[in-house]
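**Student:** Below are the chains, spelled out letter by letter.
There are 2 protein chains.
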Amino acid sequence: MDHVNFAVLGCGGIGRRTLEVSEEKDHLTPVAACDRHGVAVDHDGLDVDELLAATEGNIDSDPADRARASDTEPRADGGTAASATGDSGVKQTGENAGVVASAQAEPTETPIDDVIAESERVDAVLIALPNFEHDFVPRVADRFADAGYQGVLVDVLKRSRVIGMLDERTETFQERGITFVCGAGATPGFLTGAATVAAQSFVEVESVEIRWGVGLKSGYEDNRGTVREDIAHLAEYDIDDAREMSDAQIEAVIDEHDGVIEFEDMEHADDVLLERAGVCDAEDVTVGGVLDLTSDEKPRTTTVRVTGITFDGERGTNTFELDDDTSMAANVNGPGLGYLKAGVRRNRAGEYGVFGPADLMPGF
Amino acid sequence: MDHVNFAVLGCGGIGRRTLEVSEEKDHLTPVAACDRHGVAVDHDGLDVDELLAATEGNIDSDPADRARASDTEPRADGGTAASATGDSGVKQTGENAGVVASAQAEPTETPIDDVIAESERVDAVLIALPNFEHDFVPRVADRFADAGYQGVLVDVLKRSRVIGMLDERTETFQERGITFVCGAGATPGFLTGAATVAAQSFVEVESVEIRWGVGLKSGYEDNRGTVREDIAHLAEYDIDDAREMSDAQIEAVIDEHDGVIEFEDMEHADDVLLERAGVCDAEDVTVGGVLDLTSDEKPRTTTVRVTGITFDGERGTNTFELDDDTSMAANVNGPGLGYLKAGVRRNRAGEYGVFGPADLMPGF
Numbered sequence: 022m023d024h025v026n027f028a029v030l031g032c033g034g035i036g037r038r039t040l041e042v043s044e045e046k047d048h049l050t051p052v053a054a055c056d057r058h059g060v061a062v063d064h065d066g067l068d069v070d071e072l073l074a075a076t077e078g079n080i081d082s083d084p085a086d087r088a089r090a091s092d093t094e095p096r097a098d099g100g101t102a103a104s105a106t107g108d109s110g111v112k113q114t115g116e117n118a119g120v121v122a123s124a125q126a127e128p129t130e131t132p133i134d135d136v137i138a139e140s141e142r143v144d145a146v147l148i149a150l151p152n153f154e155h156d157f158v159p160r161v162a163d164r165f166a167d168a169g170y171q172g173v174l175v176d177v178l179k180r181s182r183v184i185g186m187l188d189e190r191t192e193t194f195q196e197r198g199i200t201f202v203c204g205a206g207a208t209p210g211f212l213t214g215a216a217t218v219a220a221q222s223f224v225e226v227e228s229v230e231i232r233w234g235v236g237l238k239s240g241y242e243d244n245r246g247t248v249r250e251d252i253a254h255l256a257e258y259d260i261d262d263a264r265e266m267s268d269a270q271i272e273a274v275i276d277e278h279d280g281v282i283e284f285e286d287m288e289h290a291d292d293v294l295l296e297r298a299g300v301c302d303a304e305d306v307t308v309g310g311v312l313d314l315t316s317d318e319k320p321r322t323t324t325v326r327v328t329g330i331t332f333d334g335e336r337g338t339n340t341f342e343l344d345d346d347t348s349m350a351a352n353v354n355g356p357g358l359g360y361l362k363a364g365v366r367r368n369r370a371g372e373y374g375v376f377g378p379a380d381l382m383p384g385f
Numbered sequence: 022m023d024h025v026n027f028a029v030l031g032c033g034g035i036g037r038r039t040l041e042v043s044e045e046k047d048h049l050t051p052v053a054a055c056d057r058h059g060v061a062v063d064h065d066g067l068d069v070d071e072l073l074a075a076t077e078g079n080i081d082s083d084p085a086d087r088a089r090a091s092d093t094e095p096r097a098d099g100g101t102a103a104s105a106t107g108d109s110g111v112k113q114t115g116e117n118a119g120v121v122a123s124a125q126a127e128p129t130e131t132p133i134d135d136v137i138a139e140s141e142r143v144d145a146v147l148i149a150l151p152n153f154e155h156d157f158v159p160r161v162a163d164r165f166a167d168a169g170y171q172g173v174l175v176d177v178l179k180r181s182r183v184i185g186m187l188d189e190r191t192e193t194f195q196e197r198g199i200t201f202v203c204g205a206g207a208t209p210g211f212l213t214g215a216a217t218v219a220a221q222s223f224v225e226v227e228s229v230e231i232r233w234g235v236g237l238k239s240g241y242e243d244n245r246g247t248v249r250e251d252i253a254h255l256a257e258y259d260i261d262d263a264r265e266m267s268d269a270q271i272e273a274v275i276d277e278h279d280g281v282i283e284f285e286d287m288e289h290a291d292d293v294l295l296e297r298a299g300v301c302d303a304e305d306v307t308v309g310g311v312l313d314l315t316s317d318e319k320p321r322t323t324t325v326r327v328t329g330i331t332f333d334g335e336r337g338t339n340t341f342e343l344d345d346d347t348s349m350a351a352n353v354n355g356p357g358l359g360y361l362k363a364g365v366r367r368n369r370a371g372e373y374g375v376f377g378p379a380d381l382m383p384g385f
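Here the protein sequences come in this chain order: A and B. All residue numbers for the first sequence refer to the numbering used here, where the first residue is 22 and numbers rise by one. All residue numbers for the second sequence refer to the numbering used here, where the first residue is 22 and numbers rise by one.
Treat the hints as calculated values from the structure; they're not laboratory data. Just so you know, these numbers come straight off a predicted model, no measurement behind them. A hint or two may mislead.
[What the hints assert, rightly or not] With the Cβ distance kept under 8 Å, some of the chain A side facing chain B (calculated, not the full set):
hint, residue
1, 41
2, 155
3, 170
4, 195
5, 214
6, 215
7, 218
8, 221
9, 332
10, 335
11, 336
12, 339
13, 341
14, 343
15, 346
16, 347
[Unchecked claim] Computed beta-carbon distance windows for the label pairs:
hint, chain 1, residue 1, chain 2, residue 2, range
17, A, 316, B, 336, 38 to 48 Å
18, A, 225, B, 78, 24 to 34 Å
19, A, 65, B, 333, 24 to 34 Å
20, A, 77, B, 258, 54 to 64 Å
21, A, 262, B, 333, 24 to 34 Å
22, B, 160, A, 70, 35 to 45 Å
23, A, 227, B, 288, 53 to 63 Å
Just so you know, even glycine gets a beta-carbon here, dropped at the ideal spot from N, CA and C.
Could you put together the complete structure from these sequences and hints?
**Tutor:** Written out as structure tokens, the structure is:
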């Protein structure tokens, strides 16, 4: 496979770790990274070590700003709110400075547009932005499409309903030459891909059970956005609540659960992504998990169990199990970059539109 | 995905079960099947039920004929030996008649050429022929290439060294528009694909251990060719021995092992296929298995264990496990057809050459 130059939108836990993991992957060069405060571009390759060191503990996750940032439909640079912080044009190194703390970054009020402006030389863009409106990722995609971007867009979203919004854009993506890879993180993503493989013994899949465990004590600071999004999956809250809640309110929810939050029947896009790949019906997929913010140990082993009927009439359950010592970050970012590369291969072969992880598996 | 018309070369255990499993798959139509006695072609779709019923218990696996059949480099229709049996032109329904026992089949001395003659309307060809010379599958591919076939060729071979022979033909395949998918059965194939997924937690894979178990008491009659090939993997025998041995000699080997044969450090192409996909070095892959001809229960649970180091420095082992109730046939033929469809998708996108199962996974 030829070389892949990629950009990352968002420098939170997922964005930064993706940059870090990409250092270990051949043929992958990060050439741009942004958050709402700034943008770093180097077509010869970013200095990832410097960028990570400079931004460590400097992640921008203020909920008030985020609420404003997500309320951006009419804005030219929706999804960012650098102007709202009043710090444009001034290098910050203090709290909430984000990527601008890196010597490679410049402050900007229009970080996404700035990346789009460079995108002719970018093969793939990973969207790792805070995501508290269902149509947020689709709208980011629209902006790339409107600007004539031809390449790959990858997200690590979770919600089933977003896939439908992306599907509505299939024709546009096909016309423009965009290959959109959706749900390419751990779940959906890694575990959906594993389910697709595990299903191959069967001519009829009866159920796919995905159970995840995440221990996030030391990683909490880096992943507050992810935790906030997870809270929106609790029965008592929705995505609007999660967006509007203050950090203190989020902490209160965590405390109510003694730091260990269990999720059942999550609206995770594994269901629609497995259905669209022809593996099983969406209703036969269940996703649940346990998030433990008091420990780095996983509170539950992450497993995928696929039950089905073989052509010769036997019922069986194939199982995929992740070692407890593999972190959430490892299980998001490795597959994310893998699917990104798979997307680039499709794109170069002229295959455009919307692809889920299971679509990028053998066409079972 | 659009419709796929496919042909099967060989009507032994794998060929016949592939036809059966294809009945359960949308968008897959078997249009041709052959063995060395005859050929059945119907571009509207074979009547699989009739063909299977007619050929059940009628599998051609006479070792003497096979020995002759494999000694075919100079022959126009290498790989078959209908003429050697002296029955050409005469419908047989008795022992060893093979596919000619079906009302849809015609006897022929040139079954492979007969399929090639129809191949303009065939999207993919599964090569499920007895395979007792290392260059046998590559030579079959040559014949399709020489005849101007443009489409997909799929094999379920096992030996590592054959992959190199196929790789030598990459340029020819690319010129002709052939997408060759190699090692697309259970192992390599299914389990190599699973290993590729399981590897995604890691930035460095230290080992891939593939352990299989097959219980083949009632399935023995249908899979004598596979058992014969497996015996060639024992330290005391090579492929020439396995080809030349009489059925009685094969039975004697089985009896020596009390019907349960254990294999260690098999030359299975999982190693080179994982290396070429960039997952790990070939030398870090081990394949072993236990074949039990006295029981239909698996003597050992089939597992894939992938051990590696995460980007954050943890060592872990991800595991993929097949239910003991899934048969070898289920685990060969489902993935085989899945990889076939993946190959067709690549072919239609203009991607030609040699692909292993792991190559058809996301480009990790």
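**Student:** Tell me, which hint numbers fail for this structure?
**Tutor:** Violated hints: 2, 3, 4, 17, 22 and 23; rest satisfied.
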